[in-house]
Amino acid sequence: MLGWFPENISTYGHGIDHVIQVIYYIVGAWFLLVEGVLFYFLIRYRKKKGVPAVYEPGSTWKALLWVFIPAVLILGFDLGIDWAQAPVWDEIKLSLPLPEQVVRVTGRQFVWEFVQAGPDGKLDTADDIATVNQLTVPIHAKVQFELLAADVIHSLWIPNLRLKQDAVPGRTIKGWFEATKEGTYPIACAELCGSGHGVMKGELHVLNPVDYQRWLHETVH
Amino acid sequence: MKRFIRTYLFSLDHKMIGKQYLITGLLMSLVGGYLAYVFRHQLAWPGSPVPGYGMVGPDQYNGFVTMHGTIMVFWVAMPILLSGFGNYLLPLMIGARDMAFPRLNMLSYWTFFLSTVVLITSFFVPGGPASGGWTSYPPLSDQPGFTGVFWGGHLWILAVALEFTSMLMGGINFLTTTLALRAKGMCLFRMPIFVWMENIASLLFMFSVGPLIAGAFMLLADRLVNTGFFMPSAGGDPLLFQHLFWFFGHPEVYVLLLPSLGILAEVFTVFSRKTLFGYRTIVYATLVAGVLSFVVWAHHQFISGMDPRLAAPFSVTTILISVPFAISLFSFIATLWGGSIEFTTAMLFAVGMLAEFMIGGVTGIFNGSAAADIYLHDTYFVVAHFHYTLFPVTFFGAFAGIYHWFPKMYGRFLNEKWGKVHFWVTALSFNVIFIPLFLLGLAGHQRRIFDPTVFDYLAKYQHLHVIATFAMITMLLGQIPFIANFIISIYKGRLADRNPWKGTTLEWVAPSPPGHGNFENDPVVHRGPYDYSLPGRDREWVSQTEE
Amino acid sequence: MKIAEANENQVPLWRLGVWWFLGSEIVVFGGLLACYTLYRFHHPEWGMEAAHTLSWVGAINTVVLLTSSLTMILAHERVEQCDLSGAVKFLGITILLGLLFLSFKGYEYHHEISNGLLPSKSLFWSFYYLMTGLHGLHVVGGLIANGVVWQGLKKGKNPHRIESVGIYWHFVDVVWIYLFPLLYLASPGGAL
Ligand SMILES: [Cu+2]
Ligand SMILES: [Cu+2]
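So the sequence lines, in the order shown, correspond to chains A, B and C. The first sequence: position 119 = 119 (the numbering used here), numbered continuously. If you count the second sequence from 1, you need to add 221 to reach the numbering used here. If you count the third sequence from 1, you need to add 768 to reach the numbering used here.
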């Protein structure tokens, strides 16, 4: 199951992967059980000469327990899943750790524009770094983003970070991530945004602190 | 000539109107299937010309994806399941001579027909059809400049509005007919489950579609007179449309699911010779699910930019709604227990629907958990998930119904041998199409992209697209036996008497095919709908009309 | 053989049909009103825009429509009393009042448009035109239905239909009762 996933390189990605795996095992077991019962009935009770069907309207509580008990069990498992996933959601979408790096991301037909705080660590100053489709961040740093859309809805999609967030015109949506592995990773758009939706493609470069400082100074000067 | 028009075109007979809906829906499924063929070919072999179409550009691709979704939901699933079978069967099953308002019924079909014409026209106008997705989110769908589609977008809104109007007229007819025209002795809890399902579905549609109609007016105003209901530059909010859409969209899933479950209940009882397990429980559970379906919509919008704190309450309601459906599905399975099951083609499709739908159901749990949805939202996992719900519901359900009631509709049987070929090809190819799409989704493949090979991390899974496309073509070819069977059997099929499957419900009391007015004598009902294998009887089925 | 026929002692078919129809209409207007109200809470400045509506014309129109509902009730009551000529008279007055409503509404639109208050001016005006326009279409539809029934009444045909059009006409009236305060009287001070 998890073998299909692209490599996780964010601090919170494991949480998402874990939730998906937990759901997979729970619903997988239920699925096999229910399909098993269904197919058992289909084979066991297929038409045979001289064997009449029974009459069971399921109108007594005793009979109905056969469907109510599994339904209540399902409710229990569902609530368990919900309970397990809530902290992951809260960490990713509800908390906003103090940023070590800030970047403004704007979706525009059909590019991702990035404006990054320069050495002063603040946006909207003279040393801001503006790039198109290329985002460079230091490893192990909490990066906070402000997500905007210039025209239509886009969705910032960085599979390796397990990061997906719609960018909505008229709103500034804040979020964060922390990358844990150096390298170059794909950035895409996950919400249909017009004819170039499929070629809206960028790259995330995660650098070690030394390389990052060098990149920063080379770019600013 | 005049008789022909009266009988086949402007008929007031609910059975003819039901057939008109059914046939129109089946024909539209060919259009939707063709579109799927074109874009699946493009996905498997990007940039190579599609046999039978030609080169596909990104704009055509978006247009075809949009129209495929629109057509399959609004012009196939709804007319076939809700209107087609509903019109044909509902009066028969409750022992009525016709619908309460036959003229309104005819108007409903012709409004639907008009909407179909408008929709098809949009393929041929300059700029092509709407291409903002079947969900038609603004601002993309709001300003023609964003997609380059001008007329197509207007016509899309007009067609959908007409279609909704037609379905509303149909719903008024269903609800009124059921309340007022039941045969003597047909109290509510003696109605077949199918009748319950049609009515609950009509209610859900009636009370969920209003806000979206309002939203459609707003969208149209934005396009035509330059208002800004959904444009932030004018103070509007794009997310409002998403709320209106999904407030309708989730109940709409049940508008399709319920009639199909109704068909399943009828087919299961007949071919297992069993009474339905937990009749009242199923009815109550469905009513509860119907009410809950109005408070789950935001699970489609976890990462849409709405307040993330809303994820928790909507996760909980989404989970709660799985309980009544679990109860219904388990009751259907329990119905098979102790039965004497005969695998006719109708039964195969009904069983197939239940077995496949469960995959759709359990994969919904992934999307319903907000944290997992961060990764899976807008990927092929979602595409596979909703096809595993809607495809079995629409097509397995419709085929089960067609093989089951064809003898009633035409007085002749469909060929069972070719029916089974049809079932196995459809069922196997269906799984081979959509299991690869689950895997692509897990690999992070976002939806609605024109050429997956643009991304290195997707290019390595290209073979999955190829497999899915081959299976898709197989499925289309697998429908040829069905189409041939359908046409030939109308004229040459084995003759059927009025109750070929030994069923208990009222439609089997009428002649096959029933004349105008349905019954020779108005039936009088003495018992519930599924008295199969009743102890102490010399016959293993007791019709609702028997004392 | 008569095809559609209600079972004994049940609600007549057409009354059920009209109520289901109104049910689906209510959710359309309900959705629109809900959207407007949500936006309105976020835009207190709309109060200033609302001040440009012709409140006095709106007020007169409210009275006109309420009166027409009253004459509709009277027409219905005349039918019950088997006084068809009285019913013709009162239904005629109802129709005239409906036309009067539309004339006033037309005057308002004319006044507003000539002052540059177009639907695209601001979101408030978008809602104003959309909601009053949709309501106006319903008035037109109601007038057509009333006219058909009025024609029939004159010939003494289908007097029972007065009840269906009556229910519908009251519905159109009730929608206006919501629209008038929400659009015309939304003062700058209050939330609504
Ligand atoms: Cu996009
Ligand atoms: Cu939903």
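For the record, the hints were derived by calculation from the structure and aren't laboratory data. The structure displayed is predicted, hence computed values, not measured ones. Hints may contain errors.
[Stated by the list, open to error] As a list, the in silico DSSO-like pairs of lysine-lysine whose alpha-carbon atoms are at most 27 Å apart:
id	chain 1	residue 1	chain 2	residue 2
1	B	Lys681	A	Lys47
2	B	Lys641	A	Lys49
3	A	Lys48	B	Lys681
4	B	Lys641	A	Lys181
[What the hints assert, rightly or not] Some chain A residues well away from chain B (every beta-carbon gap over 10 Å; in silico):
id	residue
5	Leu98
6	Asp151
7	Thr180
8	Glu191
9	Ser195
10	Gly196
Where a beta carbon is used, it is the ideal one built from N, C-alpha and C, also for glycine.
Against the structure, the hints:
1. Lys681/B to Lys47/A: Judged against 27 Å, a Cα distance of about 48 Å means the pair is violated.
2. Lys641/B to Lys49/A: It holds: about 22 Å lies between the C-alpha atoms, which stays within 27 Å.
3. Lys48/A to Lys681/B: violated (51 Å)
4. Lys641/B to Lys181/A: violated (54 Å)
5. Leu98: holds (19 Å)
6. Asp151: violated (6 Å)
7. Thr180: Consistent with the label, Thr180/A stays out of reach of chain B, its closest Cβ about 17 Å off (over 10 Å).
8. Glu191: violated (6 Å)
9. Ser195: For Ser195/A, whose nearest Cβ neighbour in chain B is about 4 Å away, the distance does not exceed 10 Å, so it is violated.
10. Gly196: violated (7 Å)
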